[in-house]
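The primary structure of each chain is shown beneath.
2 protein chains.
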Amino acid sequence: MASPKVKLTSLSKLFFNLKAELKPISGESRVSVENAVNRILSKDIFAKNDNPPFDNSAIDGFAINQEARSASKNITLLEGLLRPGSRSRIKLKINEGIKILTGAPIPAGTTRIIFKENTKEHNQKIHFVQDDDVETNIRLRGEDFKKGDLLFKKNSQIRVTDLAALIGSGNSSISIVKPLKVGLITTGNELNASIKRQSKGFIFDTNSIPLKSLLEKWGYSVVDMGSVGDDIGLLRKKIFDNLNCVDVFVTTGGVSTGQEDFVSQILSSEGQLINWRIAIKPGRPFICAKLGAKYVFGLPGNPVAAFICALIILRPSLGRLGGEKEWFKPFSFKAKANFKKYKRRGRTEFLRANLNREDGFVSTFPLEGSGRLSSLSWSNGLVELSEEEQDIDRGNFVNFIPYGSFFQ
Amino acid sequence: MASPKVKLTSLSKLFFNLKAELKPISGESRVSVENAVNRILSKDIFAKNDNPPFDNSAIDGFAINQEARSASKNITLLEGLLRPGSRSRIKLKINEGIKILTGAPIPAGTTRIIFKENTKEHNQKIHFVQDDDVETNIRLRGEDFKKGDLLFKKNSQIRVTDLAALIGSGNSSISIVKPLKVGLITTGNELNASIKRQSKGFIFDTNSIPLKSLLEKWGYSVVDMGSVGDDIGLLRKKIFDNLNCVDVFVTTGGVSTGQEDFVSQILSSEGQLINWRIAIKPGRPFICAKLGAKYVFGLPGNPVAAFICALIILRPSLGRLGGEKEWFKPFSFKAKANFKKYKRRGRTEFLRANLNREDGFVSTFPLEGSGRLSSLSWSNGLVELSEEEQDIDRGNFVNFIPYGSFFQ
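Protein chains in written order, with the numbering used here: chain A, 1 to 408; chain B, 1 to 408.
Some hints could be false.
No distinction is drawn between identical chains; accordingly, a pair holds when it is met within one copy or between any pair of copies.
[What the hints assert, rightly or not] Mimicking DSS-like on lysine-lysine, the simulated pairs with C-alpha atoms at most 30 Å apart in a straight line are:
id : residue 1 : residue 2
1  : Lys336    : Lys325
2  : Lys238    : Lys91
3  : Lys48     : Lys341
4  : Lys153    : Lys200
5  : Lys153    : Lys125
Just so you know, these hints were derived from the structure itself, not from any lab.
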C-alpha cells in the first residue's frame, strides 16, 4: 500500500507534544506490598529500619574476639551455638570464640567470624590452620540502608526487583497513584459480534483482547466497552456516556480521513487535537486529542498497527498520565540486519523482527501489510528505524527492541 | 565472604542434568484466549479459517476493473459505497469502478483499488491523475494464513503477541498444559512472623513475596506454605504433608552444609539428589532433588541469591516441568563494562548491573554481599560472566541481561 502525501507529524514531535501536554491524573490509594508491582509511588519511600537490623554473621563458623589479625591464633571456645533468630547476652573477651550460624546476631566483642574449615578444634580451643581470609564475615547493621534513608522516589514505578527492599525496610504497604482506568472501545462495522463463530463478510475483533492484555500487563484497570459499528451517533454516545467512568480512552479504527472515520471526525471537531497522522509505520493515522477533561488515544484499526502503536505511543503516554515521572523508553540494543531496506527520511519505522540469538542477526517479516497477524507471533521484537535512517544494508547495525522491554 | 574450597557443579553441567532429568508434568486443561498468555500449548494449533477471511480493500478508494495497467484510464463509476461489514452482489465489468472503504469485501471483477487522491471524479467517471501505485491494495483471502495451517506448535508458550493470530484463526479457546502448582516454603529461625512489625533479633522475610510475584508473573499458581523455623521435624512434616498438593516445591534457606541446614539434610538423605552446590555466584549452595515423585528446588536463604537463582535456574526448570519444549534462555546483549573485575575460572557470575542507556556502559553494584536488598532495586539487569571469563577490564564487552528478558 503506497499512499498519497499528507502532512505528517514526526514521532519525535508527537512525543514532544505529549510530554508537554500530559500531566499525571491525581488520586492516591494504598496497597500492600504483595500488590505493589507496576504501581507508581505517590510519595517518597523511606526506610523504617536499618538493614540488616543488627550485626550478624555472613557464614557458619566461629565468632571470635582477637586483638589483631597477628594476635594469638589459639582461641578459647565457649559453650553453645549462636543461631539465627536467637538472642544471647554473651560477651566475648579477648581470645574467646563461640560457634555461630549464618544470620545469627554476633555476640558483643566479636572482631570477625572465621570458617570452621580453616581451624582445628581441640580441648575447647580453636587452633587456626590457615588464616588467609581478609573478610570479617560480619554483615553490619545498616550496611545496606539506614532508618530514614530515601529508598524510592515519588513517581517511580515499583518492579518485582524492588519488593525485597520494600519489605526489608518495613514498608509492608505503600502509597500509590491510583491506577489508571482505561476505557477500551473498538470500532468497525466489519467486526464480528463474537470471537467464537464467524459470520460471512465479517472479521474477528483481533484488537480488543490483545490490547486489554497489554494494558493489564502494564497494571492498568481496563473497562472493556466493547465494539461499536461505524455510526457517529452510537460512537459519540458510547464515548460521552462514559466520559466520567474512566480516566482515559483508547479506541481502535476510524482514524483515517475517510467519510466513515468517525473517531477522527469526533475528535477533530469536538476535541482539542494534540496530533493526528504521524510519520510512523505502521500506525500513520494515529490520533490523540482531549475531549472534555479526558484524553482519547485513537489507534488504527489494523491490529498490527494498533498493537505497535500501543507499545510505542500508549505505553509512555499512559505511564505519564498514571504518574510516571520518566517518559518510558524501552530497552534496545544494536543487532546486525539480515535484510536490506530503503525507507523514507523523516519517518520512524517499526519492523516486526526476529533476532536469531545464535548469530546475532535480526530478520524482518518479509511482508509488511499490517493485517498480517502471523507476523506479530513470528517476531520476538521490533527493529526501530529512526527518522534519519534511510538505506539499511545487510550487516548494518540496527536498533532492536525485544518485546520483553515493554514488560519489565 | 571468601569460602573454603568444596566440589562444585558448573552451571552448564547443572543445566545438562536438569534438561535430562525434568520431564513435563502431564495434565491438560482448556482456557479462553483471554487467559492464554503464559500458557503452554498441549496441542498444535491450526487455523480454523483463512485470514483474511475474504478479499478486501486495504485502503479507502475506488475498486476498479481494468484490463491492464496500461489500459483505459477512464473508469465509469457505479452508484454506491462498499463498506466493511457489508455484502454486495456487484460485479465490476471492464472499465467500471465503485467507491470502497478499507476492509470492505471487494466486488467480483476487481483488479485493484486506487486512491481517491490519484484521481478526479467527473460526470460519473473516474479520471486518473497519476498512476504510479504499483500495489493492487487488495488484501487477499488467506494471504496471512489458510484454514488448516499449523500456527502454533504444541509445547510452545503463548505470549501477548500471539493473541491476535489465535483470535483471527478462530481459536477462541485453546488446550493447554495444566499450569504448575508451585509450593513455596521459606525457612529460617530468624524470619519474623509478619512483615508488618519487626521483633528484635529477627528479620523480615524478604524471600516469600518477591518469589511469589516472580512465579505468578511466569503464570504459575503458587501455594504459599509460609515459613518454617530451623526444625527438621517441622520441615519434613511441611514438605511430606503437602507432597500431593503441589507439582513442585521451591524452598529458601537451609541449603548449606551446616548442622542446621535442614533442607539439604532432608533432600540428600531422603531424596534423589540431582545437584547440590553450584559454581555460581550468587547462589552457590543451591540444591535440587526429587522427593518421591516431586522435585524440590532449594534456593539459598539470602534474598538476592534466591532471587537470582530463581531467574537463572528456576525459570527454565519450571518451564520444562510446565511443558515448555525449549529450554528458556533470557535475551541478552553485549554492553561495555564500566568496571574491572577478576573472577575465578569455572564459575558463572551474575552481577547486579545497571546499564546506562545514554552511553551504553554497564556498571555493577559496588558491593557484592547478597544480603544487600538495595542492590536489586538499583539494578536494571544482570551481567553474566561465563565459566571461561576471568579478567574483565573497563571497556570490555560483557553479556547484559535486562530484567525484562525474564518476563517476555
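The hints, checked one at a time:
1. Lys336 x Lys325: between (33 Å within a copy, 28 Å between copies)
2. Lys238 x Lys91: neither (74 Å within a copy, 36 Å between copies)
3. Lys48 x Lys341: neither (56 Å within a copy, 34 Å between copies)
4. Lys153 x Lys200: between (54 Å within a copy, 28 Å between copies)
5. Lys153 x Lys125: neither (51 Å within a copy, 65 Å between copies)
Hint violations for this structure: numbers 2, 3, 5, all remaining hints satisfied.
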